[in-house]
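Residue numbers (my numbering), protein chains in the order written: chain Z, 414 to 751; chain E, 414 to 751; chain C, -14 to 496; chain G, 9 to 324.
Rather than coming from a laboratory, the hints here were simulated on the basis of the structure. Honestly, I wouldn't trust all of these hints.
Claimed, not checked - The calculated DSBU-like cross-link candidates involving lysine-lysine, where the alpha carbons are at most 35 Å apart (straight line), are:
1) K245(G) with K456(Z)
2) K58(G) with K281(G)
3) K58(G) with K456(E)
4) K191(C) with K635(E)
5) K635(Z) with K734(E)
6) K186(G) with K456(Z)
7) K582(E) with K192(G)
8) K126(G) with K245(G)
9) K289(G) with K582(Z)
10) K582(E) with K58(G)
None of the values given here were measured: they were computed from a predicted structure.
Okay, here's what each chain looks like letter by letter:
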Amino acid sequence: MTDVQDRAAPAEKRSVAATLFRFQSVFGLIAVFVAAIIFSPRKNGEILFVSADNLANVVRAVSEIGIIAVGMTFVILIGGIDLSVGAVLGLAAVGSAVLMVENDWGFLPSVVLVLAIGLVFGALQGVATAMIGIQSFIVTLAGLQIARGLARIWSGGQGVAIAYGDGPKEAPTSFALLGERTFGGLVPIPVIIFAVVAIAAVVFLRVSAFSRHLYAVGGNEKAARLSGVPVVRVKIAVFAICGLLASLAGIVHAVQLNQGSPNDGIGYELDAIAAVVIGGTSLAGGRGSVAGTVAGALLLGVLNNILALNNIDSNIQLLIKGLVIVAAAALQRLRPTS
Amino acid sequence: MTDVQDRAAPAEKRSVAATLFRFQSVFGLIAVFVAAIIFSPRKNGEILFVSADNLANVVRAVSEIGIIAVGMTFVILIGGIDLSVGAVLGLAAVGSAVLMVENDWGFLPSVVLVLAIGLVFGALQGVATAMIGIQSFIVTLAGLQIARGLARIWSGGQGVAIAYGDGPKEAPTSFALLGERTFGGLVPIPVIIFAVVAIAAVVFLRVSAFSRHLYAVGGNEKAARLSGVPVVRVKIAVFAICGLLASLAGIVHAVQLNQGSPNDGIGYELDAIAAVVIGGTSLAGGRGSVAGTVAGALLLGVLNNILALNNIDSNIQLLIKGLVIVAAAALQRLRPTS
Amino acid sequence: MDDLVRMSAIGKRYGGVQACHEVDFVLGAGEVHALLGENGAGKSTLMKILSGDVTEYAGSIAINGAPVRFGGPTDAQAAGIAMIHQELDLVPGLSVADNIFLGRELRTPVRTVDRRRMEREARELLDRGGVSLDPRRPVGELRVGEQQLVTIAKAISLDARVLIMDEPTSALTSSEVERLFDVIRELRTSGVGIVYISHRMEEIAKVADRATVLRNGQIVTSFDPRKLSTAEVVEAMVGRPVQTMFTTPDSATGDELLRVEGLRLRARRPRPGRRDPDGISLTVRAGEIVGLAGLLGAGRTELLETLYGVAPGGTRTGRILLQGKAIRPRGPRHALAQGIGFVPEDRRTSGLVLFHSILANTVVSSLPSYGRLGVIARRMERAASTRMADRLRLKFGRLQDEVGTLSGGNQQKVVFGRMLLTEPKLLLLDEPTRGVDVGAKAEIYRLLGELAAQGLGVLLASSELPELVGVCDRVVVLRDGRDVASFSTADSGEGDLLAAAMGHLDVEGVQ
Amino acid sequence: GCGTTSERTSGAASPGSSKSCKGADGKYTIGMSQANVAEPYRQRMDDDIKAAAKDVPQFDVKFADAAQDNAKQVADVENYITQQIDLLIISPNEAKPLTAVVKKAYDKGIPVIVLDRKVEGDAYTGFIGGDNVQIGREAGKYIAEKLLPSGGNVVELKGLAGATPQAERHEGFLEGIKGNPKVKVIAAASGDWLREKGQSQMDALLKANPKIDVVYSHNDPMAEGAYLAAKAVGREKEMKFTGIDALPIPSGGIKAVEQGRLSATFTYPTNGKEAIAAAKKILVDCGTIEKSQILPTRLIDASNAAKIYAEENPTG
Ligand SMILES: Nc1ncnc2c1ncn2[C@@H]1O[C@H](COP(=O)(O)OP(=O)(O)OP(=O)(O)O)[C@@H](O)[C@H]1O
Ligand SMILES: Nc1ncnc2c1ncn2[C@@H]1O[C@H](COP(=O)(O)OP(=O)(O)OP(=O)(O)O)[C@@H](O)[C@H]1O
Ligand SMILES: [Mg+2]
Ligand SMILES: [Mg+2]
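Next up, chain Z with everything else stripped away, as it sits in the complex (with noise of 0.2 Å):
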C-alpha cells in the first residue's frame, strides 16, 4: 500500500501530459490552421482563407469523407478496416438517384432503403470477417468490388441525374434541401450532418456499453470474448454501423451533385483512412477516439484548400500530401505510451 502515494504524483503529472496528447491531432489540426491563415493568398488585404464562405467551403468539402471517417473509426478501434466505403457510397448515391427518379419513389422510403441497403452491406462483411473469421482487409476488399459491380448494374453502368419536383422521373424537392445551405446560406446542410454524425458518435462512445465492449475487441479480442463481451455481434455491428454511415455519406453525395454515379467514391477509403490514422486512432485496435478523427477530416480538408487557393501544381500537392501524412503518424509516436 505504500507505494499509492508514491504513484499519485507521478500519475498526475502523468495525466497532464495525457490530456495534451488526447488532443494532439488537435494542435496538428491548429498547426496546419496557423500555417494556412499564413500561406494564405491575399486579395484587397483580406486573407482569402479564413473567410467566412471558403471555411464553410472546407468542411463541405470533408464532409463526406468525415462521415466516412466516423464509420471508418469504429472499425478500427476493433482491429479491422473497411476498404469497401468508397464503393458503397457509389452504391448508396445511385440508389437513392434510381428510387427518386427513375421508379419514383417518396423521399422517406428511398433514404431508409439506401441506409438498409448500406446497413446490411456493411452487417455482411461483418459476418464473413467475425464467424467465417477472414481478414476484413480481404473481407472488404471482395466487398469493394461487389458494391461497385451491383452499382454499375443498378444504374446500368451510367451516372443517373437527379432532377427536382414533383413530375414523374423527377426526385422530391425535399430531397435538394440535403444539400442547401442554412443560416443566411453560409452553412451547408451536409456540414450539419456531419457535425451531427459527429457528435452522436462521440456521445455513443462516451456512454454506451456497448463502446466498452468495441474498445475490449480492439485491445485483446480474446480477452474480450473470455470476459464474455459478445465479440461477434460487436463486429457485426460496427461493420454494419460503418455501412451505414458510409451510405449516408453516398446520399449526402448524390445531393450535392445532383448525380448518383456508379464511379463516385474512388478511393475515399483511403482518405478516410488518412483521416482517422492522422486523428491519433490506432490501425492496431484499442485505442483512439472520434474527436482525433474530426481534427484529422478537417486538417486534411485544410491542407487541400490552401493547396488549391495557393494553385501549387498538382503533381507537387500530391508529394506534399504523401508528406504530411508521413508527418502527422510520426508525431503520433510521441505519445507517452506507445
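With chain Z fixed as given, assemble chains E, C and G with the ligands onto it according to the hints.
Frame of chain Z; chains E, C and G with the ligands shown alone:
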C-alpha cells in the same frame, strides 16, 4: 518422456493433413483451373482455355502482378503492407522510357538506375517504418502519392512512347527483347522473368538465414530482437526488396506496352495483396509462402481469363471476382492450426 | 579472482516509476544467485539491463573486471551473457530448431542455412535437458510448458558464461523442474554463473547458493538461502511477516454444485498437442475448493475450457450438471449467465487489455448492471470497481491507470475481480498464481478461502503442488485427459499427488 | 476554323464577359479545372492550354486536377471562386454534378468556357467540344466503307463502363456501320481506356474468335494494346486496328498510324488552343464568343499522319 509415443501417431497424421494444407492454395488454383476447363468456350472441339498460347497469355497477363506479389509476400510476412507498389511500377515504367528514349541512355545503365530507384524508394519506406515506427500502411499510402507525383513530374504527365532502334530518341533493341516470346514464340519473356523471380524467392526463403529472420520479425518481433536478429535491418531490406521488384515489374510493364506512363499500375497493389492472401499468407505476418503467392496470382489470372473468354459482362465480373476472393480466403480458414 | 559480473549503482526509471535504484549486484563464477522480490520489485528490469535488452540506465557494469556497456542483446550475447525471458519469447511459425538457433543460424560452407545440423544439434540439446520434442515442430503448436523448455534449451545452447533465468519454471511441473535443476548443477560445476529468479520459494533453497532480495527497486538484503526458513525469506521480501501462506481448508458442507460425469470431447478438427477431456468425472460442492493436478499436458486447461464453453468445436459426450441441472456450455456469455466464471492461464494474452484502464478491465464482464438501456452510469461502475479494488487490496494509483502498469500479482487480481463482479457460483481458475509473488499469492489464497466460506465453489488447476495441497479441500489428478485419482488434502501430501500424476500409483481413485 | 458548326450567343453578351474585360492592359488570372490528368487526352488539353497561353502575355493560367472525382472538381471550382479568378475554363468530369457550381461561378460574373463535356442548362459563356457520336459514326463508316466493303468481323474494345464517351462512341459506331449489313460486331470487351487492359482483353478475344478482320477501339491506347496482343500470336497482319483521339504526342495515335500499327484514328480535339483564343476574345478584346462550338473530327490515316503530326507540334 512418457507421451512421446502417444504423440507420434497424431503427429504423423497431422503431417499428412499439414502437407495437404500447405498446398491448399494450389488446390484453389486447381479448382479454378478445372472450372475454367469446364466453362471454357470451345471452337471446333478444341478447348480454347487449355490451348498453349492461351495459357501463355494467362501467365503473361499475371507476370507483373506476380513479380510485385512476390515482393509483397516478403513485406506481409514481416507483418507489414506496401500500398506503394503500383505507383513505384509507374515510376519505373516512366523511368525506363525517359532514360532510354529521351536521354538516350543504354539498356544496362537505365535498368540498373531504375532498379536502384525502386530499391531506394522501398528502403526509405522501410526506414520510416522500422526506425520512426510509423505503421507501414500509412507510410506506403504516403509513398504511393509521392511515387505517383514523381512519375508525373518526370514524364511531364504524358506517357512516353518507346520506339526501338539505334538512332537518337530510340531505345536499344536489346530492350525490346524483354517483351518478346521465346521457345518457338510460345513463352513470353516476362513469364520467364516472373518464373525466375519466383523460384529465386522460393529458394531464398528456404535456404537463407535471412528468411528465418524475416519470419521471426513477422511472427514475434520482440523475440526476434532479443535473439539478436537485426530487426531494423531486416525490415528495411524487405521493403527495399519489394520496391526493387515493383520497379522490375515496371520495366517489364514498359517493355510490354512500348510505353512508360505515369498512370501505369494504378490499383495493382490491391491485386498483388489479393494474390498473396489467396495464396495463404497471413496479413498478421510470420506465416506464408511465395509458392502460395504464385498460385494465388495464377488463380486470379485464370479467373480473369475465363471470364474474358466467355465475354462475361464487366460488372458481373466484378461480382464474381469479389466472391472468389472471399471464397479463397475462407478456404484458408480450414487450416488445422489457425 | 574478479567477480564474473559486477553491477554497480544501477538505476532505471520508467516515467514515474523507479524500477531500480542504486542497485549493486555481484555474481561469481560457478554461483547460482537467486534474485527475489515482490512483483514489480525490479528483478526483470535489473536483468534486462545486464542482458542488453534495456540500454538506457544509470550505473556501471563490469564483466570479469572489465567495464562494458551493451548496445543490444547481441552485444551481451557476444560477451557471454544469455537470458531466459519471463515472457515466452519465441516465434510461433518457426520450428523448435529454428527458434533455438535464431539470430545465429548454423551455415553450410556456401552460407546457406544448415538445416540438418541445426536439427541434430537441437535434438541433442533437448535431450540433454531430458525433453523429447521433435525439433521440426513449429513452436506455435507446443504447450506453454514445452515452450518454456525450448527457451531453456535455447539459452543453454548459447554456452554462456552468465545465464539469467527469469522465472524459468512458472509453467513447469515438478518433474521438469527437477530435470532443470540437474542441468543447473551441471552448469555450475563448469563455472557458469547463474541468476535465478523465481516466486516459488521451495525452489530457492534447493538450487541457490546465495539470494538477494529486491524491494521497490532497492536491495534489501543478501543471504544464504539454505540457512533461512521460507518464512524468514518471505518476510525479507514483503517487508512484514506473512502469517499463514495457506488458509486451513474447512471441510466443505454445501450442496453439490458441479457434477461432471464421463466428460469426453472429440474435437472436430483435432489440434496437435491438445489433450481434450477423455472421460473425466468429478464433483465440486458449494464452499469447496477442488484442485486439479497433473503433469504438463495432462489436460487441466482443456477441462476448464470445456466447462466454460470455449473448447474447440466437436462432439461432447458425458454430462455436466450445475446444481443438479444438466447444462451444455456454449461460450463465455452463456457460462457467465449460468454463474460460471473463468480466470484464464495467461492473463496477458487472454485476460487483460493491458493498455486499457483498471476500471475498464474490471467492469467489462458486468457492464449491463451499471445502467439502463445500454447507457452506463459512470458513478455505478466506478463504485463497483472501487469496491472490488478495496476488497482485493489492489495496489494502484488511480482507476484510470493502465492495467499494464500494475505488477503481475495485481494484474491477476484485476482478472479475479472482474469475475467476482459477475457474482459467480462456480469459479474455474487456471494457474491463478503463475508468476505472482508470495505476498500477493497469500492474499489470493485468503480471498479464495473467504469466497469459499461464502458458498462459492472453486475448481483450481495448478502446477504447484504445495499450492494444491495447501489451498484445496480435495485434489483431482488428471493424466492424459482422464481423472486417475482423487485425494483429500487432509490426509495426503505432495508425494501422493506426484505419484498419481506420473502414473506410479497402484491403487487408483483413493478417496 | 472551317467547317465549324456553331450557333451565336443570342442577343447581348453574358453578364460575365462585359464586366471582366479590362482590355489589353489588364492582367488576368484564368483557372483551368481539369477532370483528370491521368487521361493522356486531358493532360494534352492542359498542355495545349499552357502552350497557347504563353502567347498571350496578359494571361496567367492556373491548373487544378480533380483526379476523376466530381466532388473534388466542385471544390476546385469553389476554390477558384474564392480566389476571384477572371475566367474559368472547365473540362467537367461529368455534366450534371458540375452544373450547379459552374452556374455559381457564372452568376458571380466569372466568364466560363466549358470544354469537351457539357454542363446542363446555359449558365456558361461558351462550350467548345467534339462530338463523340459523330466520331463513332465516322469510324463506323470508315470501317464499313473503306476497310470492309465486302463485309467482315469486327470486335469492339470499349472504354470504361459508365463513361459517357464510351456509350456515345458505341452508339455512333453502330449507326455508322448500318449501311453495310455484312459488317458484323462479333464480340465486345471493356478495356477501361487502358493499354494493358486492351492487351489482355484482346488476348482472350483472339483466342475466342479465329476470324477477326477489324478491331474498333474506343481510344488509341487500347488499340495499341490490342495490336500488341495480336502481334504476340503472329496475327497482327490478319486484321486492321482503328483508334480514336489521335493525340499529337509521341505515345499518341497519330504516331501509331504513321508507324503502321493502326490503320486509322480519329481526332478528338482537345480544344486547348481554341479555349485560349476564346478567353482572349472575352477578356482582352471585350468581344463575345459562340455559345457552342463543335469542332469536327478528322480522319488520320497513313496518307496524312506525318503531316498532321508536324502541324500540331510546330516546334518539334
Ligand atoms: N517497459 C516498461 N515501461 C514502464 N514501466 C515498466 C516497464 N518495465 C517495467 N516497468 C515497471 O518497473 C517496475 C519493475 O518491473 P520488473 O518487471 O523489473 O519487476 P519484476 O521484479 O520482474 O516483477 P515480476 O516478479 O512481476 O516479474 C514495475 O513497477 C514495472 O511496472
Ligand atoms: N498445439 C496446440 N495448439 C493449440 N492450442 C494448444 C496447443 N497445445 C496446447 N494448447 C492450448 O494452450 C493452452 C495452454 O496449454 P498448456 O501448455 O498450459 O498446458 P498445461 O497447462 O501445461 O497442461 P494442462 O493444463 O493440460 O495440464 C491450453 O488452452 C491448451 O489447450
Ligand atoms: Mg519479472
Ligand atoms: Mg494449463
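Consistency of the hints with the structure:
Taking the CA atoms of K245(G) and K456(Z), the gap is about 62 Å. The hint is violated against a cut of 35 Å. Restraint check for K58(G) and K281(G): the C-alpha separation of about 9 Å stays at or below 35 Å, so the hint holds. Our distance criterion of 35 Å between C-alpha atoms is broken by K58(G) and K456(E), whose separation comes to about 53 Å. Restraint check for K191(C) and K635(E): satisfied, since their Cα atoms lie roughly 32 Å apart, inside the 35 Å limit.
Under the criterion of a C-alpha separation no larger than 35 Å, the hint pairing K635(Z) with K734(E) is consistent with the structure, at around 32 Å. For the hint pairing K186(G) with K456(Z), the CA-to-CA distance comes to about 58 Å; that exceeds 35 Å, so the pair is violated. Our distance criterion of 35 Å between C-alpha atoms is broken by K582(E) and K192(G), whose separation comes to about 41 Å. Simply put, K126(G) and K245(G) have alpha-carbon atoms about 40 Å apart, too far for the 35 Å limit, and the pair is violated.
Proximity of K289(G) to K582(Z) is assessed by CA-CA distance (about 40 Å); at most 35 Å being required, the pair is judged violated. At most 35 Å may separate the alpha-carbon atoms for a hinted pair to count; K582(E) and K58(G) meet this at roughly 24 Å.
In this structure, the hints that do not hold are numbers 1, 3, 6, 7, 8, 9, in rising order.
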